[in-house]
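S.K.: The lines below spell out each chain.
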Amino acid sequence: MSPPLQAPPAPSGARATRTVELRLSLLECNDRQAVANRRRFRELGMVALNLVSSPGSGKTTLLERTLSEFGAATRCAAVVGDLATDNDARRLGRSGFPVAQITTGSACHLDAGMVARAVDGLDLAGARVLFIENVGNLVCPASFDLGEKVRVVLLSAAEGEDKPLKYPPIFKSAHVVLLTKIDVAGVLGFDLEAAAENVRRIAPQARLIRLSARTGDGIKEWYDLLGSLVTKGEG
Amino acid sequence: MHEVGIMESAIEAVLAEARGHDATRVHNIVLRVGALSGVEPDALRLAFDAAVKGTPAAGSRLDIESVPARGRCPDCDLEFDVDSDFIFTCPKCARISGELVQGRELELARIEMS
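So the sequences go chain by chain: X and W.
The numbering of the first sequence is my numbering, which starts it at 26 and goes up by one.
The numbering of the second sequence is my numbering, which starts it at 15 and goes up by one.
Please keep in mind that the hints were generated in silico from the structure rather than gathered at the bench.
Treat the hints with caution; some may be incorrect.
Said to hold, decoys possible - Here's a subset of chain X near chain W, in silico, CB distances under 10 Å, partners left out: (1) 41; (2) 43; (3) 47; (4) 48; (5) 54; (6) 55; (7) 61; (8) 122; (9) 128; (10) 161; (11) 190; (12) 198; (13) 201; (14) 213; (15) 225.
No residue lacks a Cβ here, since even glycine has one placed at the ideal position from N, Cα and C.
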């Protein structure tokens, strides 16, 4: 009978191999900062919205009009992210409200730390709504909580009706979906009903609003929503 | 390509754990990635080699455990697996809902080291 197998003693200095269970979130750093942002926005009495979409779906145009019309009675602020240029901050800055541009270099999304640093430089006294315009991208921003209360995803009539089906993570995470540029839907052959149905299938939790920031069609519903968020924030 | 940054922070966390355990080599790194995490496993793998280069985790094996999406029907309270179309249709009552039970995971699950 052969002797029982035994592991040889570990040579001195060598360490046994071991497995450690961690279950650490890979976004821990971002998520911690997002919690801090959320607390700060709440203490300031400010509702933060994170606007996410493909490039060119009309985020900046919607915000220009919103700052001018909704902003007439409610003080707002905005933070806007792009890879380069401060074009959007200059457009939104015409409103007279505090606006900060974040240029991300090559980063494809905003993270909570970038937003915290941008907000540090703004005079937020009296501001009730903070619009955070994310980098135009339907993929990466889905993973990054910025500390917003409401995530708004825009889908324009210049895109495909099936975008919600193609990019489920971001639409799944939306509180509000805006179908934008509805004034040109007809000429582009964009089927608004099909797009709305796709939003409802992927994101039934989201409030759906159809609007045109150019003609003002449907925009009152957006302002009413913002108004109710501000009122709720006071409660 | 936010996977590069995510992988870098994962390796940072791995190396901190290894130091905390007095380990000098990392052999195996296991991540859990949800189907709705917004992160692409192949892109994570691409970022891995560069992230571990020159560290005690160089030469380690990366395993990625996929976490499928699961939904819960708000009417029946039934939990169910979600197809790859990510439309959360209750298999019992056909109600479409947005309630996610799992699928957003993005975790460093465990590491093996010595």
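S.K.: Each hint needs a verdict: does it hold in this structure or not?
M.R.: Status of the hints after comparison with the structure:
1. 41: With Cβ-Cβ at 6 Å, under 10 Å, it holds.
2. 43: holds (7 Å)
3. 47: Hint holds; residue 47 of chain X Cβ to chain W Cβ min 5 Å, cut 10 Å.
4. 48: Interface hint status for residue 48 of chain X: holds (6 Å vs cutoff 10 Å).
5. 54: holds (6 Å)
6. 55: Since chain W brings a Cβ to about 9 Å from residue 55 of chain X, closer than 10 Å, the hint holds.
7. 61: violated (17 Å)
8. 122: violated (30 Å)
9. 128: At about 17 Å, which exceeds the 10 Å cut-off, the nearest Cβ of chain W leaves the hint on residue 128 of chain X violated.
10. 161: violated (14 Å)
11. 190: This hint holds: residue 190 of chain X lies near chain W, its Cβ roughly 7 Å from the closest one there, short of 10 Å.
12. 198: holds (8 Å)
13. 201: violated (13 Å)
14. 213: violated (25 Å)
15. 225: Where the cut-off is 10 Å and the nearest Cβ of chain W is about 7 Å from residue 225 of chain X, the hint holds.
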